[in-house]
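J.: Spelled out, the chains give:
2 protein chains.
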Amino acid sequence: MDLHAMDSYIKSLIKEAGHQIRNSFLSDITIESKSNANDLVTNMDKEIEQFFIGRIRRDFPKHKVFGEEGFGDDIQSTDGVIWLLDPIDGTMNFVHQKRNFAISLGIYVDGIGKLGYIYDVVNDDLYHGVENGGAYFNDEKLKPLLKTNIAESIIAMNATWAIPNRYLDNDAIIQLIRDVRGTRSYGSAALELAYLASGRVDAYMSMRLSPWDIAGGMVIAKEVGAVTTSFKNDPANLLKQDTFIAANPSIHQELLEKYIKFK
Amino acid sequence: MDLHAMDSYIKSLIKEAGHQIRNSFLSDITIESKSNANDLVTNMDKEIEQFFIGRIRRDFPKHKVFGEEGFGDDIQSTDGVIWLLDPIDGTMNFVHQKRNFAISLGIYVDGIGKLGYIYDVVNDDLYHGVENGGAYFNDEKLKPLLKTNIAESIIAMNATWAIPNRYLDNDAIIQLIRDVRGTRSYGSAALELAYLASGRVDAYMSMRLSPWDIAGGMVIAKEVGAVTTSFKNDPANLLKQDTFIAANPSIHQELLEKYIKFK
Numbered sequence: 001m002d003l004h005a006m007d008s009y010i011k012s013l014i015k016e017a018g019h020q021i022r023n024s025f026l027s028d029i030t031i032e033s034k035s036n037a038n039d040l041v042t043n044m045d046k047e048i049e050q051f052f053i054g055r056i057r058r059d060f061p062k063h064k065v066f067g068e069e070g071f072g073d074d075i076q077s078t079d080g081v082i083w084l085l086d087p088i089d090g091t092m093n094f095v096h097q098k099r100n101f102a103i104s105l106g107i108y109v110d111g112i113g114k115l116g117y118i119y120d121v122v123n124d125d126l127y128h129g130v131e132n133g134g135a136y137f138n139d140e141k142l143k144p145l146l147k148t149n150i151a152e153s154i155i156a157m158n159a160t161w162a163i164p165n166r167y168l169d170n171d172a173i174i175q176l177i178r179d180v181r182g183t184r185s186y187g188s189a190a191l192e193l194a195y196l197a198s199g200r201v202d203a204y205m206s207m208r209l210s211p212w213d214i215a216g217g218m219v220i221a222k223e224v225g226a227v228t229t230s231f232k233n234d235p236a237n238l239l240k241q242d243t244f245i246a247a248n249p250s251i252h253q254e255l256l257e258k259y260i261k262f263k
Numbered sequence: 001m002d003l004h005a006m007d008s009y010i011k012s013l014i015k016e017a018g019h020q021i022r023n024s025f026l027s028d029i030t031i032e033s034k035s036n037a038n039d040l041v042t043n044m045d046k047e048i049e050q051f052f053i054g055r056i057r058r059d060f061p062k063h064k065v066f067g068e069e070g071f072g073d074d075i076q077s078t079d080g081v082i083w084l085l086d087p088i089d090g091t092m093n094f095v096h097q098k099r100n101f102a103i104s105l106g107i108y109v110d111g112i113g114k115l116g117y118i119y120d121v122v123n124d125d126l127y128h129g130v131e132n133g134g135a136y137f138n139d140e141k142l143k144p145l146l147k148t149n150i151a152e153s154i155i156a157m158n159a160t161w162a163i164p165n166r167y168l169d170n171d172a173i174i175q176l177i178r179d180v181r182g183t184r185s186y187g188s189a190a191l192e193l194a195y196l197a198s199g200r201v202d203a204y205m206s207m208r209l210s211p212w213d214i215a216g217g218m219v220i221a222k223e224v225g226a227v228t229t230s231f232k233n234d235p236a237n238l239l240k241q242d243t244f245i246a247a248n249p250s251i252h253q254e255l256l257e258k259y260i261k262f263k
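Note that the protein sequences, when read in sequence, are chains A and B. If you read the first sequence in the numbering used here, its first letter stands for residue 1, the second for the next number, and so on. If you read the second sequence in the numbering used here, its first letter stands for residue 1, the second for the next number, and so on.
Treat each hint with caution, since some may be false.
[To be verified] Below are the DSSO-like pairs computed for lysine-lysine, each with C-alpha atoms no more than 27 Å apart in a straight line:
#	chain 1	residue 1	chain 2	residue 2
1	A	K98	B	K141
2	B	K143	A	K98
3	A	K141	B	K98
4	B	K222	B	K11
Keep in mind that the hints were calculated from the coordinates and are not lab data.
Kindly produce the complete structure, drawing on both the sequences and the hints.
T.: Pasting the structure below:
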């Protein structure tokens, strides 16, 4: 695969999709719920996924697509070239804020991340990474993450994980909130990964993310030295929903060992 | 007071200060701690406050200044014209992220908010409000807040208030997190108020804010119909640190009655 040619093609495709999304602000958006009342999907999530799939089918007929809205392929293994796509990551923000959402896309070959993209549509900011080729915020190369420690860290995590829940001992998370410099929550896994890769937060963690939420960001994060795993320290799951943590390498192990306690 | 002339003067002043802050990204910033290790202050917080005070002393010698960094006046009452200023609201974001911070400024006359400004320095986005004259996001007039309900609301609040703390029964906050559509935390009271006024979040609450954190945002929020009070439903405190909630009017009362329980 010619990563350079693919990269140019994808950037153009993403910008075109972003343009469509920004245009949608001028008309009414149709909002539905999926798994629960707060799991939103709009006509734009679906249209943008279909837009990508149409182009991929036409220009890369052998590639497979694993997309949030389910218009892609039935993916059971990581074999071959797979586009992992979330057409609008942060749909709640898209609906309520008309900002703070992103197009998230990762291109994986036999389970290895080759290209990753997170496009902050409203700010027209594109984060991208190329395997062994570095990570970028627009045209600016992102620097390797600097050494840090828990006490000086900002952690992106939703307050949901700090309250009693069926998966984690929330007392350990409460201790984490006490021990770090601060916590933030932005409502888009992709943007939170982009923030991690840019050094604006030092870790991002969630109990429940899907492959398309993290695939693009993982490629970008790896290029600046971030570590991405499940909460069990396994490689992040590219086939199904799982726990996920992306962190500055100087705090990843301590976060897992000291603050993540399964019930 | 000629609000229109003041408004033009202040906008120009704020943009000039913003320019100085953006320029500071090119040089090293000096960081110190204040009340605790995570309460940061930089040379820029101090320099920008002094920049404002220099101009106010020269051009409005009868006005008083109540500023976060303490270079202004000793304010013991709300009498007269007071500029309530936070030169960099969200200093932790300024230091760690070089974004997501704001200049926050409110002009109060005998305790009544006349003009309010929140300037998102990096995005060059200015939110402002004029008493009985409306609120604006740059040149766009902000619309009155639409009716909503708890289940469909997004609440801006830090995870700190969801964990056991000395002030509030956190079980009620845990229930709030379960009942709302989502929570967010951005790390700048001023920007969170700007988000409320723009309808991007439906409430913002904090156990501990100072007058300069909220003064500008209160003027803006009022113009779109938001309600701003202490957690005891008293008028927000303009003289000292206190609890604070700003909310869509359709949920303000329910938030206070059902979810805010003092210990």
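J.: Each of the hints needs a verdict: does it hold here or not?
T.: Structure-based check of each hint:
1. A hinted pair counts as satisfied when its Cα atoms are at most 27 Å apart, and A:K98 with B:K141 qualifies at roughly 16 Å.
2. Restraint check: the Cα-Cα separation between B:K143 and A:K98 comes to about 15 Å, which is no more than 27 Å; the hinted pair holds.
3. For the proposed pair A:K141 and B:K98, the alpha carbon gap of about 16 Å is at most 27 Å, so the pair holds.
4. Under the criterion of a C-alpha separation no larger than 27 Å, the hint pairing B:K222 with B:K11 is consistent with the structure, at around 20 Å.
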